[in-house]
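Peer 1: Residue numbers (our numbering), protein chains in the order written: chain A, 116 to 459; chain B, 116 to 459.
Simulated from the structure, these hints should not be mistaken for laboratory data.
Where hints are given, some of them may not hold.
Copies of the same chain are indistinguishable here, so a pair counts whether it falls within one copy or spans any two.
[Claimed, not checked] Below 35 Å or equal to it, Euclidean Cα-Cα: the simulated DSBU-like pairs (lysine-lysine) are:
hint: 1; residue 1: K390; residue 2: K361
hint: 2; residue 1: K382; residue 2: K364
hint: 3; residue 1: K361; residue 2: K174
hint: 4; residue 1: K361; residue 2: K307
hint: 5; residue 1: K174; residue 2: K433
hint: 6; residue 1: K264; residue 2: K307
hint: 7; residue 1: K194; residue 2: K390
hint: 8; residue 1: K441; residue 2: K194
hint: 9; residue 1: K289; residue 2: K155
hint: 10; residue 1: K433; residue 2: K141
hint: 11; residue 1: K307; residue 2: K231
Protein chains: 2
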Amino acid sequence: MKIALDAMGGDYAPAEIVKGAVMAAKKFPCEIVLVGDESKIRECLKNETDTDNLKISIKHTSEVIEMGEHPADAVRNKKDSSIVVATRMVKDGECDAVLSAGSTGAAVTAAQLILKRIHGIGRPSIATPIPTPNGVTLLLDSGANVDSKPEHLVQSGIMGALYAEHVLGKKNPKVGLLNIGEEETKGNEQAKETYALLKNLTTINFGGNAEGRDIPQGNFDVVVCDGFVGNVVLKFGEGLATTILKLIKEEVEAGGINSKIGALLLKPVMRNLKKRIDASENGGAPLLGVNGCCFISHGSSDAKAICSGIGIAEGYVKSNVLEHIKTALEKENMLPGKNSATEI
Amino acid sequence: MKIALDAMGGDYAPAEIVKGAVMAAKKFPCEIVLVGDESKIRECLKNETDTDNLKISIKHTSEVIEMGEHPADAVRNKKDSSIVVATRMVKDGECDAVLSAGSTGAAVTAAQLILKRIHGIGRPSIATPIPTPNGVTLLLDSGANVDSKPEHLVQSGIMGALYAEHVLGKKNPKVGLLNIGEEETKGNEQAKETYALLKNLTTINFGGNAEGRDIPQGNFDVVVCDGFVGNVVLKFGEGLATTILKLIKEEVEAGGINSKIGALLLKPVMRNLKKRIDASENGGAPLLGVNGCCFISHGSSDAKAICSGIGIAEGYVKSNVLEHIKTALEKENMLPGKNSATEI
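Sequences and hints are given; from them, build the entire structure.
Peer 2: Written as structure tokens, this is what we have:
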């Protein structure tokens, strides 16, 4: 198996990306292609040890898509950018998956334009694993698209359930619709129409409406929502977790000698806690609904996060989820999806 | 000043509500009217001490609106329910504010039907204070309405800014529009249209788009969004905060003797932290946009939360925010609002 890794994407690229690739190549059996500026990548590789026999290669590219650029324009104009070239390697069968910690918009656009959507899927969806006390809840769409139609949310539900089952190993995953109340009649027009469609599906275990609190509490395996809401929730959660840890520090600082000793004794506990609520531990999120394995890591990914992402991407490739999605769409009579297959 | 308190609303009603009223009557100069089942209220009052000279009275009502009931039907049919009678007391000038920890839907509907909306306001908005390291961020609408139009969000911005200034004491409060990116062009249709309107306002300090993480970090004083998104975010935050505290406990349990001693030493720190992130410390949220002071407390409010809510409601009445809103609507040329004044 070969993974195309966007070496130029992310807040700490290329250094941490290259470091992560080396870690992953030592840990997993897959080959890794570092896609990006060859001289910069070689410079970073020099800092790593024991790299001689690793299955790492470099694919040189001359351009980089920056965070602020308009995704569609950038992907169309910068044909030799790392994310475009890496995605094309999957399209051409040279690699089995692409992974990037760069601009999410660019990665999504490149995947849509180059890999294309799965026949019958109206819009791809980012499925982000949110840490919970008993594992993760998959939140999708967490930002690939906004103003989605009910049928797009339904397709997200199907794809999320299959990913949860075949990649995360959840049996008969419980799918919820993110809403503002438990009752079927609650919510905005989008949610009400989506509910009506979801409850008629035969291939997924639809558990009704999920409220905001159900996500971190882990009461559903998969929670479906519009990308606008999902993205807001995701960033709110990151901000809140960081804020709470910051407040604990502040209170410890203000709390005198007892608190400081207490904090010292609790260091291992807090380290474990951080591990459990830290998004980077989860390595990233698949973009579901495109014809190929595309994996999006957090912009702030360090080497460990990249390595973890490569591990999950490997599991994703092996899982055959793409075929399962096609089969499910057929079973749900969504092929060919008149409403869903024609627009981005 | 006289506050009508819905004694029958909330998970711990009437006991905690009555207890909270007694606490508030001892702490604040206002009079409190306990609205609800007189015999039950008297029963609860018996458990309280030193109540002889307190300015507390009882207004008997025979009905209660339960949490599961359809708000509009319930408010229309149960004319002698505590929330309807309490709201009517404000309408009739017998009281200056109404406060309820019962069904939010019922409180909002009662306020809309009985107090009516302020002339020019299309939809009322719940303004919930979210704890941040440096105070609170006001999030509105956090659940009064869904599928709002851009002009409703704009009006929320104006009302939220005036509440933040005159009740929370923030000078020139910075208003943000909740969105999925900083740039003006980001977001769904609703957000893009709202941005275009907000930036042309003259009476508020519009600071551009706010992302999810900006809310808990306190980077804006007021954050405006659709009630669907606001409600999801609010409940997600509650769930996440509870989950993190639960995880800390779990890790301490699993962590051996050092962790347990550490946790003991850190007890005051954790108590302070809980205080700072606990919604009940903030007492509740005003329903802005109706002709009268209506205050909504969390369903799980205990006596302390009710007491704190009464304190803030008192400040709200004194602040004259309703008049400020009317003046601002006039200045922004939103009077009479053709698009906004006709529908609920």
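Peer 1: Is the C-alpha distance from K361 to K307 at most 35 Å within one copy, between copies, in both cases, or in neither?
Peer 2: between (39 Å within a copy, 33 Å between copies)
Peer 1: Within, between, both or neither: how does the pair K433, K141 come out at a Cα-Cα threshold of 35 Å?
Peer 2: Answer is within: at 19 Å inside a copy they meet the 35 Å cutoff, but 67 Å across does not.
Peer 1: 35 Å Cα cut-off: does K194 pair with K390 within a copy, between copies, both or neither?
Peer 2: neither (38 Å within a copy, 53 Å between copies)
Peer 1: Between copies, within a copy, both or neither: which fits K289 and K155 at Cα up to 35 Å?
Peer 2: Intra 45 Å, inter 42 Å, cutoff 35 Å: neither.
Peer 1: Within a copy, between copies, both or neither: which one fits K174 and K433 at a CA-CA cutoff of 35 Å?
Peer 2: within (24 Å within a copy, 68 Å between copies)
Peer 1: With identical chains treated as interchangeable, where does the CA-CA distance between K361 and K174 reach 35 Å or less: within a copy, between copies, both, or neither?
Peer 2: Neither: 41 Å inside a copy, 46 Å across copies.
Peer 1: Since the copies are identical, ignore which copy is meant and state whether K382 and K364 lie within 35 Å (CA to CA) inside a copy, between copies, both or neither.
Peer 2: Result: close both inside a copy and across copies, 11 Å intra and 14 Å inter.
Peer 1: Checking an output row: K441 and K194, CA cutoff 35 Å. Within, between, both or neither?
Peer 2: Only inside one copy: K441 and K194 sit 30 Å apart there, 55 Å across copies, limit 35 Å.
Peer 1: Can you tell me if K390 and K361 fall within 35 Å by alpha carbon in one copy, between copies, both or neither?
Peer 2: Cα proximity of K390 and K361: in one copy and across copies (15 Å, 15 Å).
Peer 1: Within, between, both or neither: how does the pair K264, K307 come out at a Cα-Cα threshold of 35 Å?
Peer 2: both (11 Å within a copy, 18 Å between copies)
Peer 1: How do K307 and K231 come out at 35 Å by Cα distance, when the copy is not named: within, between, both, or neither?
Peer 2: both (29 Å within a copy, 27 Å between copies)
The structure fails to meet hints 3, 7 and 9 from the earlier list, while all remaining hints are met.
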